[in-house]
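For the protein sequence lines, the chains are A and B, in the order given.
Yeah, the first sequence ends on 480 if you go by the working numbering, and it's all consecutive.
Yeah, the second sequence ends on 534 if you go by the working numbering, and it's all consecutive.
Simulated from the structure, these hints should not be mistaken for laboratory data.
Remember, predicted model here, so these are calculated numbers, not experimental data.
Note that the Cβ used here is the ideal one computed from N, Cα and C, for glycine as well.
Wrong hints could be hidden among the right ones.
[Unchecked claim] Think about it this way: if two alpha-carbon atoms lie no more than 25 Å apart in a straight line, the pair counts; the simulated BS3-like pairs of lysine-lysine are:
#1 427/A with 321/B
#2 391/B with 514/B
#3 237/B with 427/A
[To be verified] So the derived label-pair ranges between C-beta atoms look like this:
#4 381/B with 398/A: 23 to 33 Å
#5 459/A with 392/B: 50 to 60 Å
#6 453/A with 325/B: 29 to 39 Å
#7 459/A with 275/B: 53 to 63 Å
#8 440/A with 392/B: 28 to 38 Å
#9 247/B with 460/A: 41 to 51 Å
#10 316/B with 467/A: 17 to 27 Å
#11 316/B with 440/A: 39 to 49 Å
Spelled out, the chains give:
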Amino acid sequence: MSRADNALTLRYRLSVLSRFCAAIFGGYFFTAHCVALLSLLIPTSKVDAVLYSVCVSILIYCCVFIAVFAARSQKWIWSVLIISILGLDLLTRYVQGGI
Amino acid sequence: MKESFFRSMTWLHTWVGLLLCWLLFLIFFAGTISFFRHEISLWNQPAVHSIENNKYQQQTLIESGLGYLREAAPDANRWWIGLPSDRQPELQVSHRHSQGEGKRDKWIDERLDPNTLTQIDGLIDTKGGNFFYRLHFDLHYMDRKLARWLVCFASLFMLIALISGIVIHKRIFKDLFQFRPQKGVRAWLDAHNLSSVLALPFHLMITYTGLVTLIFMLFPNPAETLYDEGLKGFRADFYPERQRIEASPDRLSEPAFDKAFAHFNQNWPEQKIKRVIVDHPDNAAVSIKIYGDNGTLIRDEYPFWQYSGATGDLVKTARIDPSNAEMLYGGMIAVHSGRLAHSGLRWLYFICGIAGCIMIASGCIMWAKRIRERLKPTQSGSIGLKLVETLNIATIMGLPLATAGFFYANRLLPPEITARADKEVLAFFVTWLITALASIAFRNTRAWQIFAYTNALVWILLPVCNALTTSGNLVTYIQEGKWILASFDFAFLATALVFYFQGNKLASKATHQAPTKRPRTRAATEQEA
């Protein structure tokens with residue numbers, strides 16, 4: 382990964398692009414679904430639940446971002462992201478009583 | 006695994022940092038200046054300089070404001086009275102008028118001397134500190150929404166760069182006390198570390214809370230999940246004071262202002278008032294909205310009271326007793342904007358902001374220097390390297406120069422020209438553009454040095470320009486105890502001094518070292534006011 386030993390091959394560049402996409406977009410949608418669910422679970426008034434969840438959203442986003450770049454395998458990153466986003470979405474619908 | 010994590014974070018820090026560092030420098034630079042937003046508005050408006058501290062009680066000021074508006078704008082749909090503070094000496098009275106179907110309402114802003122309660126003569130059209138405040142998150146010449154997304158994106162990268170920077174920084178305390186000024190890239194690394202680590206809590210705080218200020222644009226999801234109408238529903242719940250009040254067809258000639266203020270002053274006698282807004286002053290829907298002053302409390306939104314103007318009764322209040330979540334969210338925004346800061350803390354904010362600028366500047370310069378050192382003397386460098394070097398000099402040297410250009414334009418443009426405020430802004434961007442164009446052609450140490458001397462020259466002449474174009478100067482400011490205005494002159498001189506020493510340093514570098522090594526600068530680290 383370090384710049385010293387990289388050969389700037391197409392493959393390497395694509396893998397960097399893929400990681401940035403996973404971190405920026407994957408991280409964004411993961412966080413968005415995560416805070417949506419969180420706001421449903423916080424047992425306070427609606428206003429307060431919204432405020433608490435948006436305040437921690439950036440923290441979650443950063444953790445996911447860092448994790449994406451720290452992880453070894455690209456396949457692992459993408460599968461975990463996609464599965465967890467779907468899982469969070471299902472859970473949110475379940476809590477809302479949509480399922 | 007541990008080593009690999011360390012390496013991936015080093016890589017992340019370098020690239021995330023480099024990609025958006027110039028935008029981040031602009032955001033940090035404009036934000037740092039914005040801590041003195043009201044002071045700059047004051048400096049930019051010489052007609053307000055002679056106003057003495059207000060001697061009347063707030064109730065007298067409110068009544069005179071209302072009296073003035075009743076005469077000046079009886080048919081307005083909103084009156085707005087902003088009370089004087091330590092940072093803004095004048096009494097602001099504004100009124101808003103309907104422009105017919107489909108058109109936006111028009112605001113007319115007026116200012117009164119709080120001691121004579123008459124209009125201030127000789128006001129000029131200027132954006133003042135609000136220009137830098139808006140530049141900080143709306144950028145300029147750009148769609149507002151797009152600009153805010155860009156700023157959010159850059160701030161996120163900043164936060165990632167900070168976190169990965171902490172990870173790769175194994176010896177945080179050792180590096181803190183290490184500064185090796187004569188050792189080329191090492192010196193840059195030390196400057197980068199020093200400015201980052203010393204003000205690290207500030208950097209983390211300001212970046213995180215900065216993102217929180219735009220959080221409902223970034224993550225509207227919780228509000229959309231909990232409210233049927235989404236953000237709109239949440240806003241109606243969270244900002245009861247912003248709800249629109251519809252006009253009534255019935256006229257009302259004598260609103261019950263006295264009764265309302267008598268009730269307010271009896272129940273909240275100690276409450277300092279920030280502003281008073283009257284909606285629909287000429288009809289039966291008239292409402293009086295009182296916003297309290299938070300002073301140095303860590304709160305963002307103001308406590309709020311709304312009275313009916315028809316009956317004089319209290320209709321609703323908000324934020325008098327905020328919940329924990331409101332304190333958390335409002336507190337984050339309050340520490341970001343620094344409105345709570347008294348002058349000492351404000352300077353600390355400013356110094357930390359400058360440390361942030363140094364951190365970003367030294368980071369970008371270090372990147373370019375490292376690549377340049379790896380090249381053989383005969384190699385000319387890739388397009389990427391040239392681009393980075395150009396952007397470095399254009400941003401780091403250009404922004405202080407452009408800021409000086411803005412201040413000169415404020416003093417030198419004739420007061421009667423049309424769209425004067427926009428021309429001041431134009432002066433800022435034209436100066437910046439010229440610097441950028443020049444830096445495409447000249448990027449070596451000599452160019453940094455010339456820009457440093459140019460900066461020193463324009464900043465040292467700024468107090469002179471001020472003395473020649475206004476009735477005050479540094480000596481009279483000190484004699485009359487006008488410390489805000491005196492600080493401007495001191496800050497201008499200090500900036501000039503820093504650039505002068507930097508230019509000297511660069512001059513000695515350019516002559517002492519062998520030209521083949523192509524030494525780059527000690528530039529631009531400690532500057533700007």
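A quick look at each hint next to the structure:
{"no.": "1", "hint": "427/A with 321/B", "in the structure": "holds, 20 Å"}
{"no.": "2", "hint": "391/B with 514/B", "in the structure": "holds, 21 Å"}
{"no.": "3", "hint": "237/B with 427/A", "in the structure": "holds, 13 Å"}
{"no.": "4", "hint": "381/B with 398/A: 23 to 33 Å", "in the structure": "holds, 31 Å"}
{"no.": "5", "hint": "459/A with 392/B: 50 to 60 Å", "in the structure": "violated, 32 Å"}
{"no.": "6", "hint": "453/A with 325/B: 29 to 39 Å", "in the structure": "violated, 54 Å"}
{"no.": "7", "hint": "459/A with 275/B: 53 to 63 Å", "in the structure": "holds, 59 Å"}
{"no.": "8", "hint": "440/A with 392/B: 28 to 38 Å", "in the structure": "holds, 34 Å"}
{"no.": "9", "hint": "247/B with 460/A: 41 to 51 Å", "in the structure": "holds, 44 Å"}
{"no.": "10", "hint": "316/B with 467/A: 17 to 27 Å", "in the structure": "violated, 56 Å"}
{"no.": "11", "hint": "316/B with 440/A: 39 to 49 Å", "in the structure": "holds, 48 Å"}
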